[in-house]
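All chains should be built: construct the whole structure from the sequences, respecting the hints.
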Amino acid sequence: LDRGHPVTAVDRDIGQARMAEGAELIAADLEDGSPWPLEGRRFAAVVVANYLWRPLFPRLRRSLGDGGVLLYETFALGNEAFGRPRNPDHLLGRGELLRLAEGLTVVAYQDGIEAGRKVVQCICAVNGPGPLALP
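Using the working numbering, the first residue of the sequence shown is number 1, and each one after it goes up by one.
Derived by calculation from the structure, the hints in this document are not laboratory data.
Just so we're clear, the structure is a prediction, and the values are computed from it rather than from any experiment.
Just so you know, even glycine gets a beta-carbon here, dropped at the ideal spot from N, CA and C.
There is no bait here: all hints are sound.
Straight line, CA to CA, 20 Å or less: simulated DMTMM-like cross-link-like pairs of lysine to aspartate or glutamate:
1) Lys118 with Glu96
2) Lys118 with Glu73
3) Lys118 with Asp89
4) Lys118 with Glu80
Simulated restraints on C-beta separations:
5) Glu24 with Pro58: 18 to 26 Å
6) Tyr109 with Trp53: 19 to 27 Å
7) Tyr109 with Arg59: 16 to 24 Å
8) His5 with Ala108: 16 to 24 Å
9) Arg42 with Ala115: 28 to 36 Å
10) Gly128 with Arg94: 21 to 29 Å
11) Pro35 with Gly116: 39 to 47 Å
12) Leu56 with Gly128: 17 to 25 Å
Structural data, given as structure tokens:
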């Protein structure tokens, strides 16, 4: 927002959201089968942190505009040694984030222990050829 970019946030409890003034907040439970609250909208960037609902990935990809960037980080298998989440349903398997981002151009990817306190996978992927593509 400080740089003039619009921000839209989706959470099931927006009362707990700490967003800058001017951000659009949408209350939606993405896991209960309700309609996708962003249908038909395209974004320059989609950012997801510490959240995993695998059925959401096709919708995230469709929400990226041409050249749009997906930034995604969440917990992976092995995190159970450090704390929560421990449930395998909430942990990415090896290379799973790469597979979920299939069809996007991966710019950066990480899978491993972060700061000695959690196991995560992170990806930066572009909808389209990406900034490093050759003609």
